[in-house]
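A.B. asks: This is what each chain is made of:
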Amino acid sequence: MDPILLLTQALNGLQLGVMLFLMAAGLTLVFGIMGLINLAHGSLYMAGAYAMAAVFAWSGSFLAGLAAAVAAAALLGVAIEMAALRLLYRRDHLDQVLATFGLILFFNELARIIWGPAAIFVTVPAALSHTVEILPGAPYPAYRLVVIAAGVAVAAGLYLLIARTRLGMLIRAGASNRTMVSALGVDIGRLYTAVFALGAGLAALAGAMAGPILSVEPGMGEPVLILTLVVIVVGGIGSIRGAFAAALLIGFVDTIGRAFLPALLRDLLAPSAANAVGPALASMLIYLTMAVVLAIRPQGLFAARTG
Amino acid sequence: MTPLLSVRGLVRRYGALVAVDHVEFTVLPGEVHAVIGPNGAGKSSFLALLAGEARPDAGEIEFAGTNITRLPAFARARLGIARAFQITAVIPDFPVLQNAVLAVLASVGRGFGMGRAAMHDPVLLDGARRLLARVGLAAQESRLAGDLAHGAQRQLELAMALAGRPRLLLLDEPIAGTGPEESRAMVALLQSIRQAPGERPGIVLVEHDLEAVFALADRITVMAEGRVIACDVPDRIRADAAVRAAYLGDDAR
Amino acid sequence: MPRAALWAILLAMAVLLPFAADLAGQGYYVGFATRVAIFAIAALSLDLILGYGGLVSLGHAAFLGIGAYSVGIWTSHGVTAAPVHWATALAAGGLFALVTGLIALRTAGVAFIMITLAFAQMLFFLAVSLKAYGGDDGLTLWDAARLGPLDLSDDRTLYWVAIAWLVLFLLLGRHLVASRFGLVLQGARSNERRMRALGFDIRRHRLLAYVLSGMAASIAGCLLAHMTDFVSPAYMSWQRSGELVVMVLLGGIGTLHGAILGAAVLLILEEVLAGLTQHWMLILGAILVAMALVARRGLHGLLAALRGRR
Amino acid sequence: MRKVLMAAVAGAMAAGAPAMAQETLKVGFVATFSGPNAALGEHLLQGFQVGVDHAGGKLGGLPTEILKEDDQLKPDVGVQVVRKLIDRDRVNVVAGVVFSNVMMAIHKPLTESKTPMISANAGPSPIAGKLCSPYFFAASWQNDQSHEAVGQHLQTKGVKRVYLMAPNYQAGRDGLAGFKRYFKGEVLGEVYTAVNQPDYSAELAQVRAAKPEAVYVFYPGGMGVNFVKQYAQAGLNKDFPLYSAFTVDASTLPAQGEAAVGTFTAAFWTADLDNAASKRFVADYRKKYGSTPSTFAAQAYDAARLLDAAIRGAGGKVSDREALAAAIKTAKFESVRGPFRFNTNNFPIHNFYLVETVKAADGSLEQVNRGVVFKDHADSYVGDCAMK
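Chains as they are written, first to last, in numbering that gives the first Met the number 0: chain P, 0 to 306; chain C, 0 to 252; chain G, 0 to 309; chain L, 0 to 387.
No lab work stands behind these hints: they were computed from the structure. One thing to keep in mind: the hints can contain errors.
[Claimed, not checked] In the EDC-like style, the derived pairs of lysine to aspartate or glutamate whose C-alpha atoms are separated by at most 16 Å in a straight line are: (1) L/LYS210 / P/ASP1; (2) L/LYS316 / L/GLU22; (3) L/LYS156 / L/GLU185; (4) L/LYS237 / P/GLU132; (5) L/LYS286 / L/ASP52; (6) L/LYS159 / L/GLU189.
Given only the sequences and the hints, what does the whole structure look like? Please build it.
C.D. replies: This is the structure in structure tokens:
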């Protein structure tokens with residue numbers, strides 16, 4: 000197989016992986032610590048993309064857009080958390096599902112009222128609009144390289160935050176034993192709000208960085224939400240390490256499957272059969288991966304320590 | 000007498016921690032065999048292995064002549080191993096009577112019973128009421144189990160465990176955490192179970208309340224750091240210097 | 000009001016509805032009521048595993064699809080006998096539930112939610128690739144299904160059939176949850192460990208509940224196909240599964256009739272709000288959030304609380 | 000629960016109103032108005048609205064009531080609302096419909112109730128062929144026609160090696176089949192991606208490896224925004240010219256921006272087309288909505304004009320559905336696209352133009368007409384239709 004193509008596809012898988020990780024990190028933390036299933040996580044991603052689009056267009060600065068997206072979504076996250084979600088931490092998961100499903104409908108429609116039903120324009124910053132020759136004959140979009148770098152940097156930062164800081168210690172403690180954290184004399188309500196804001200910020204960062212690549216439109220959060228849920232379940236709910244591993248796994252499986260599976264099938268089957276089966280199988284691949292992982296390890300790849 | 004339960008070389012690891020370390024253990028029919036030891040000695044892990052909630056990494060468990068090492072929890076229950084948990088495990092959002100009915104159902108019913116009403120079946124109801132009467136909960140049958148006092152929940156749980164006329168009872172701290180009144184009632188109840196004609200189940204009793212242990216046990220096994228450090232009749236255990244050093248010294252009142 | 004009287008009134012209303020609609024010259028509402036009954040069956044079946052079994056499935060729309068395609072595939076080959084469609088749907092839905100349930104029930108909680116979603120998505124993409132049966136565009140059913148002498152393309156007839164199925168499933172469901180089986184299922188939802196220690200093989204009970212639930216939902220899928228004369232993968236999108244969950248939660252879980260209430264209220268809300276404003280989803284979203292925050296056990300719980308206060 | 004957008008204006012405006020007892024025209028307008036794909040429904044309705052305005056608020060001189068219904072992009076909801084329109088509201092005609100799967104679902108209740116349907120967008124191949132109906136009319140096109148036009152253009156241009164991509168659904172497969180009907184060169188790759196797939200990086204890497212002379216894709220709506228942006232970002236547009244259908248149009252261009260510059264498509268109409276009907280439409284649409292109309296809006300405008308002419312042709316007797324359908328078939332109206340006539344399957348025979356997206360002098364993006372590809376082009380399914 001063509002090594003240049005393989006390398007390019009590996010980068011594509013990595014890029015999808017780090018984006019999914021940014022989404023998954025927040026979702027898995029919120030679930031692990033607060034026990035909250037937040038289906039509206041995709042709405043925070045959407046909020047990030049729209050905030051970035053608005054501020055980027057207004058100021059002309061990509062970085063300002065990025066900062067505004069993270070700040071706006073974090074604020075929005077805090078607002079949602081304080082107004083509604085904190086009432087749901089002790090409740091049944093099903094109440095959380097109902098409420099956050101309602102929030103999805105609400106925010107999608109709100110975005111439609113504010114920005115209209117059509118996709119809005121966001122482009123890559125001029126400085127990154129070129130391609131880079133990663134190998135001779137293998138140009139790759141500079142912007143996607145930056146996305147990968149940013150994603151890896153954020154992952155590393157998150158690791159340091161959790162492994163080294165006081166907040167990180169509380170987060171780790173909270174994930175394994177909630178009562179212990181309150182016994183330490185920490186204001187658990189503030190910790191929860193902080194964690195939620197962190198997750199919202201990460202989701203918004205993912206949304207904002209996706210803005211120039213994808214179409215920014217109402218409902219853009221749901222496909223990525225589903226993928227993110229796949230990631231956190233495969234990784235093991237509540238585990239940041241698991242989320243990272245699973246995000247890369249899903250990123251690679253999806254990319255490699257889409258790139259090579261149809262061609263592979265064409266070698267094995269009649270062309271018409273391959274054309275019918277290939278795309279369907281490629282779409283199913285991540286779900287197949289999840290089903291296999293869960294069938295073998297129901298707790299996911301890296302189960303957060305229980306009890 | 001052939002033992003009812005015999006355990007050989009049982010090992011269970013959690014990562015680097017060896018929670019249960021080559022434990023040898025037997026229970027004779029009708030015997031109360033208590034397991035004591037300091038916190039973290041591996042008593043609860045050991046009980047979970049006996050109940051089939053966890054799988055051993057090595058060793059064998061034989062019950063009434065059958066090797067049950069690989070059987071899941073529900074299958075062991077069907078062979079006659081009943082269990083009460085350290086954290087009381089009743090069905091909190093069912094009424095007391097319904098809890099008891101479930102327990103009776105477990106002992107009489109095989110198959111799914113989709114065609115048979117549960118709460119209108121005289122066989123189930125009579126059995127359930129008899130059980131409740133035995134543990135003194137008859138008057139509370141329509142209360143939600145979750146609303147009962149802690150001691151009463153313990154009694155209900157014990158009643159449920161007894162429904163299937165088990166041959167072996169695994170009790171995880173049935174007395175710890177209850178008040179003096181409830182604690183006396185529970186000891187009396189356990190005495191009555193072991194003396195009930197025709198049943199006389201073997202009992203594995205994990206308990207912190209040493210007064211109760213010495214009152215009830217025929218034999219006592221002392222565990223520390225996953226290993227058995229002594230196993231003997233209560234009087235000798237009381238006198239054992241090693242046990243005193245490891246355990247009783249700090250804990251005995 | 001005594002329960003029996005309440006049920007009698009509801010049944011009478013269901014019986015009188017077509018005549019009232021005719022009288023008012025609003026035959027359309029018969030079709031709408033049929034749709035409510037169909038989704039009520041699907042929600043009811045989901046409530047059996049969700050409310051009584053504690054198993055939250057985000058893939059229940061897969062069974063709608065199985066039922067719909069049972070009708071669609073037979074019809075496209077010229078077989079219009081509804082009993083054949085139904086039998087196929089029951090068998091296929093049951094088999095799909097059995098196979099996926101064996102794997103899915105190894106997990107619990109959120110993992111169960113996601114693995115059921117995964118299986119439904121696989122089926123969705125399979126249907127998209129079924130070129131012979133319309134793929135993503137779907138399949139129009141030109142020949143009406145027949146039940147003996149009855150023509151199911153007639154609104155009125157289909158309404159009675161749907162109501163009959165709904166009543167049948169409601170009665171079966173009520174019988175089932177009051178049976179020994181139902182007691183074990185609910186016990187396992189509340190305290191799994193205790194149920195195992197009592198000697199119940201709860202995975203078998205759950206699997207059976209999952210299979211029965213899938214079969215009932217497949218019938219709803221058949222009826223949906225009969226009603227729309229159309230079959231498409233859109234019937235089993237994950238959003239549709241989510242709507243079914245919302246119906247059950249909105250009505251109140253673990254009550255069966257709550258699921259019916261939820262289905263009716265959600266569909267009516269959609270209909271009414273969409274007539275008021277283009278941005279009806281904003282209002283619907285807010286209502287759902289408010290319901291989750293205020294009413295602990297859905298509309299059923301809310302109604303019970305109101306009755307209790309009075 | 001109806002939404003009455005326009006009630007009758009007083010009779011003063013109805014200059015050419017028939018003298019007989021006046022009926023009221025009820026039009027059911029069904030499209031996707033909610034969810035992520037709502038934008039196209041809006042375009043249709045706006046175009047239709049301009050068409051109604053041009054008839055003085057009275058299509059065919061009749062007091063006109065438009066009942067707007069949202070199909071939510073769910074086929075079963077589509078059937079539900081169409082039944083409501085037919086049974087309860089007793090509409091005379093239904094118009095609109097963005098998506099083929101909704102169109103397929105509502106085709107049966109419409110046909111069985113003999114309700115005339117004027118599609119303002121969806122033109123699925125089965126309805127052009129085997130399932131053709133005397134009550135169904137496409138004011139738009141048959142799905143394949145634009146694809147065929149691009150295929151023809153590349154064939155004429157002498158391009159030998161192309162790479163094809165489309166979403167994995169029937170319209171996508173039909174589209175690429177239509178392209179290949181007229182393009183006879185080598186197809187290096189024919190890739191079907193998941194519907195609503197957001198990221199195409201994996202597939203784009205394969206495109207670069209295949210080194211085609213041109214790339215042809217079909218990615219409507221949000222998919223098109225994603226694809227075209229990513230295609231440009233990957234630097235592919237410099238090496239491999241991008242041709243597409245329904246991918247770059249007035250609804251997606253604002254979000255695609257400069258990434259779409261230099262791409263080609265084919266269409267039955269462009270906003271710069273030189274005829275009186277088109278000029279009037281574009282001018283009034285701009286006045287009313289402040290933007291250049293999309294092809295979607297143009298189709299819907301034609302649907303309204305067609306209906307207006309048909310009702311006049313039927314002498315205002317809209318309650319006779321068979322007569323109304325017959326009148327639609329023979330109606331003469333000034334289409335924005337120039338010459339327009341119905342084929343035997345009630346799909347239009349019309350011209351197709353090559354369209355290039357360019358950056359105008361003032362920096363704005365425009366879609367410019369680059370000449371005729373097909374003259375009086377009929378669709379390829381008409382042979383399967385039993386109507387003569």
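A.B. asks: Each hint: holds or not?
C.D. replies: Outcome of the hint check:
no. : hint                : verdict
1   : L/LYS210 / P/ASP1   : 13 Å, holds
2   : L/LYS316 / L/GLU22  : 7 Å, holds
3   : L/LYS156 / L/GLU185 : 14 Å, holds
4   : L/LYS237 / P/GLU132 : 15 Å, holds
5   : L/LYS286 / L/ASP52  : 12 Å, holds
6   : L/LYS159 / L/GLU189 : 15 Å, holds
Checked against the numbered hints given earlier, this structure breaks none of them.
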